[in-house]
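From first to last, the protein sequence lines are chains A and B.
Mapping the first sequence onto numbering that gives the first Met the number 0, position 270 (from 1) lands on 269, and the numbers just tick up by one.
Mapping the second sequence onto numbering that gives the first Met the number 0, position 416 (from 1) lands on 415, and the numbers just tick up by one.
Mixed in with the good hints there might be a few duds.
Straight-line distance between alpha carbons at most 30 Å, and here's what the computed DSSO-like set of lysine-lysine pairs gives [to be verified]: (1) A:K242 with B:K342; (2) B:K310 with B:K291; (3) B:K387 with A:K19; (4) A:K200 with A:K109.
The following label-pair restraints were derived from C-beta to C-beta distances [claimed, not checked]: (5) B:H358 with A:H303: 53 to 61 Å; (6) B:V386 with A:Y202: 37 to 45 Å; (7) A:E604 with B:T361: 31 to 39 Å.
Quick look at which bits of chain B chain A covers, simulated, 3 or more residues with Cβ under 8 Å [said to hold, decoys possible]: (8) 21-29; (9) 50-63; (10) 85-96; (11) 322-328; (12) 387-400.
Keep in mind that the hints were calculated from the coordinates and are not lab data.
No residue lacks a Cβ here, since even glycine has one placed at the ideal position from N, Cα and C.
Residue-level listing of the chains:
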Amino acid sequence: MDVNVEREGVLWRKVFSKIKAKFSATPNAHQNRIRRQKAVVALLTHHLPFIKLALFLLGYLWMLSIPSTSLSTNTYIDENALQPAQVNTYWNWGDVHTADKYLEQLETLKLANATSFDRAQVLRKEFSKLGLSASTQEYSFSLSSGVTRGANAYAVISSPRGSGTEAMVVSASWVSLTGEGDGMLNLRGISTVLALAGFLKRYSLWAKDIVFVISDGYLDGMHAWLSAYHGSTQQNLVTEELKISSGVIWAALNIDYPGHSFSHLGIFFEGINGRLPNQDLLNSFERISRYTGGVPVTVYDHLHPQEDTMNKQGKTWIPSTIRNHQNVVSYAYHARNIVRHLNYQARGCASGVHGLFHQFRIDAITIFAVPSTGPHGFHAIGRVVESTLRTMNNLLERLHASFFFFILTGPERFIKIGGYLPSAILISVAMMFQGLGTWVDAAWVPDDSEESSQTKEKASNTPLKWRKRRRPVIPALLIMAATHIFGGSLFFILTRSWFMKNYQLLSPIIFIFFAIIPLLTLTISKPTSENAPLPTVLKALNLCFASTVISITAVLNFSLAVFFSVLLGVPLAITSSSSAAPTRALRYIAHILLGLGWLLIGQEEMKAAILNWEVLSVWFAPVICLLYVPLVLQASIVCILPSCS
Amino acid sequence: MWNIRYFLLVGLCVPTLAAIESFFEELSLRNLNDGKVASRFSFTTRLEGVSPRDPRTLGFDDEAQHYRVFPLALGQILREYGVSELHLTLNAGRWDYDRWGYPEEKGVGTGAELWAWMGDGAPMSIDNRWKGLRNALAGLFCASLGSMDELRTTAPSQAFPPEGRLPSVDLPHQLRHASLPSEHVCTENLTPFLKLLPCKSLSGIASLLNPHRLFDADWHGMGVHVLWGEEEGVEVRLAFQSVMDPLRYSLSMSRDWSFQSLFSRVINKTCPVAVSSRVTVALPQQDAIEIKPNPSIEGEAAFFDVATVAKPLNVGMHWQHNFQYPLGEPIPLTPLSVQRTLKGSSQDRGQLSLVIINHETTTVYARYLETMPWLVQFHLHTLQAQVKGITSGNIISNFTYVPAVPHSRPTTFEAMLSLPPRSTIHLTMDVTKAFLRYTEHQPDAQRGWDLPPAVITPVEPLNSRMYTAGLLVDLATPDFSMPYNVIIFTCSLMAFIFGSIFNLLTRKFVVVRLD
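Turn these sequences into a full structure, and let the hints guide you.
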């Protein structure tokens, strides 16, 4: 026994001393550590092309796999207080009749071509008849494209026994969101709000004030109302002050019901500048609609292929076995939802009137009645809104439990932030590696000046001798700064009223002007063999900067980061200078088209972005002008500059 | 032996020493312009010939008190802390001055409000007595008055003058005021309130106090008011006000009401100890109405003497015509309309905005009082008064300002406003929202903080008081639902920054030559 114990003790001591030796600060250990570090770095540098390629591939594949069901999970209610679909609803056919009568009245208003102000007065009177405190608000936006005027009507149910410090909003805009406010009227949405106002007032269970807003136009009316409510000022906006105030708004439901009847209720949730509401609101509405209203829910107005009888065909060139395969169908459906989401979020556009609320920390969605021949109408939507308001009424705190960062792939499926964020980050890391690699490579040049003539054969089997050289950072940085100033001036020009008035004529001129100016760099750069070539250094810095931009954007607005990583990732990584002038010119033109092509083919989109910036302070236009265009211009300069040799 | 004899003697003397106690009850009802019915119950108990306890005797045992009708539990608290005048109100809802006019009981601020005048000169400090008083009342009324601590206690100089008289001129009296806007008022507060009444809710007018209907009203509030007058002695008035909406349940827009429809009860018995017990109904001027049973009418009001009228008493009013809501802008019933909001949606700064509309054709003078917890700190230099967009220098005058002390004292801001005739006055002031220590957050941190209402006191009519709506302020709030994530992130960051800096500072740099 004793011997055994002793032997074990010796063994332990040996192990300990070995470990100790590894970590003890002998000079040898330091050398070993430095050697180890060098070996690791060498390994990484040696495999850098493969690592970059792998990161790029992994990132793009991840992006493509976002619609697959394996990344998403079922939605759930996180806040226990909400208790969705747990109440009896009292909205009934009598109230449907009231809504129908309001609709008739609105139809006559529409036929009579009533002005905004007249409409607002009529709506205010209707609210007053119900015994609510009601008022109107006039506003006008002076924009580079002209002046927009309008009038909102709003009313407040003061909650019985409530302190009036919390409020919920039920709203409807005059113009529906169909086609992003292309003029379809939301008369049934407004009738629903009016009928709900009379109906909800009959109950004493409201713990929060309910504010009804009927906003003029599509987004402009609600923006004016919210700005006045929160006292935020904007230079080009003149609004009347609100005569009736209520408390802090916690949740808002916007009702959009353009058609005659509806088959599904769609959720629109993207806010301006990529903000999203708390997911609990969406999930509660989804459950309430399904269980209380008996109405199926979709994301946007996208029907699931199995329910979509109208549009069964799809792409006919795909074999039907693949086309109708369960996984393919669901992938395609999810992908459609995600692409729409990315489209809204990347442009920073609100997908409906609800999107204006998010900037004031109000959780809001639009309930969209997907136009159809049936079977649902006022009866279903009234019950769903009533029950959703009851759920929001239960809140003791703001919605905070569930997710603010998510991608809704289907009405009951979503992806958490951890499921989608890495894709953009991987691309950004790949670009950073590429940039750092280029930066390191720029410092070294094969030293063949002395012995090249003597031993040409020798050089092929012995390793090359490398010589260090200087990297001209200052010129590269100056070029980068200049491109950003260009971007700024481009943005300045685009937001002038003389430009917006003749944008179709002026855009091509601006394009040519901004495509030619970068060529000035040809005159200033004088390639020397002493220093590293300017294009290489510029490319390194350009890639590092673009990578930083993408990774920061990813946490603020994932869709914009995807947009950047697709449009900037590979194009910026493959830039290189060439000795042949035609190749350089071709690459230059390709990059210029990538960076500024929207001036030629996306003019309407540009106009909308500028308008969004002026009215709603959507950051998309400045981001494109001040970040995207300069980054691509830098890449194009990399292409056009001659390499030194 | 001597002691016992002494006590016996005192005991024998009591019936002769006992004060004259009298109890009056009254219910007044009036119809409001928007079809609602305001009712006010008032139960007054007088202890004649008695004055509040001299605070200088607080160190000694109190004289024995013998009450028959006067509420003992309240009387003991008043004597224990030497309170000369006390007002406690517990309200739910926002009083709509524009539509409802001035309330009969002035204290209508949302939530709980407590203010008391106490004589100085006691061995205990005023603040200690105030603390004891609010804790005792918290226990008596089942309300969280205990949290009206020094974070919320102020002593405004003008807005709350004593409503009765203050005894003994040679003693300086001090006011303590606190309000707790987040206090929810419900049936647990009504039960102890009813227990203070001599007939509880068994008979008399109090039998109409049916919690099921009162707490379904559009507005309700109860109040306890203790005053002293040289002739009246100590007077305790227990009041209950409510605003009910007969239209809410009516399909045909009929404003008809009766005791049965409002309270689901009728008066079956008279309270035997009540000296007077009467029901007053204000009669509407324009409309054709019918009132049952037959009242005695004096001026614009109908009266019922509960003691003499036939029981069960179910007063009711019937309108000839159905009601229609007024379509135009409502004609305000008070000379001033006040709207107070906190603008700005950021979590670090905002703007307090007060819009006052003077409907009168003459200049109205009013005192403006803000008692703000330190959570919202005023930038007094940004205080501006504008009329029609033009800054006017002579609207605000005569102000007193006690700035807040972070984590302890609230702000008290009082000013005299002279409001020009028929105009809208905008008062704005920039505020900073405080950044709290994480232990200072409430359990429901994401709700925000309720701020007390401001008080506007017009100089005319005398003793009127207007409470603005309360406010809710969002302060920067950590995500308390995931404290573990926050701790992990913060600690990792700290370890990374500290670790690398520490490493660089303590490392010995040597040149190592590799072969």
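Hints, one by one, checked against the model:
1. A:K242 with B:K342: holds (14 Å)
2. B:K310 with B:K291: With Cα atoms ~13 Å apart, B:K310 and B:K291 stay inside 30 Å; holds.
3. B:K387 with A:K19: violated (82 Å)
4. A:K200 with A:K109: holds (27 Å)
5. B:H358 with A:H303: 53 to 61 Å: holds (59 Å)
6. B:V386 with A:Y202: 37 to 45 Å: holds (41 Å)
7. A:E604 with B:T361: 31 to 39 Å: 60 Å Cβ-Cβ, so the 31 to 39 Å window is violated.
8. 21-29: Our answer is that it is violated, as 0 residues pass the Cβ test (under 8 Å) against chain A, missing three.
9. 50-63: This one is violated; 0 residues, fewer than the three required, reach chain A with a Cβ under 8 Å.
10. 85-96: Our answer is that it holds, as 4 residues pass the Cβ test (under 8 Å) against chain A, meeting three.
11. 322-328: holds (count 5)
12. 387-400: violated (count 0)
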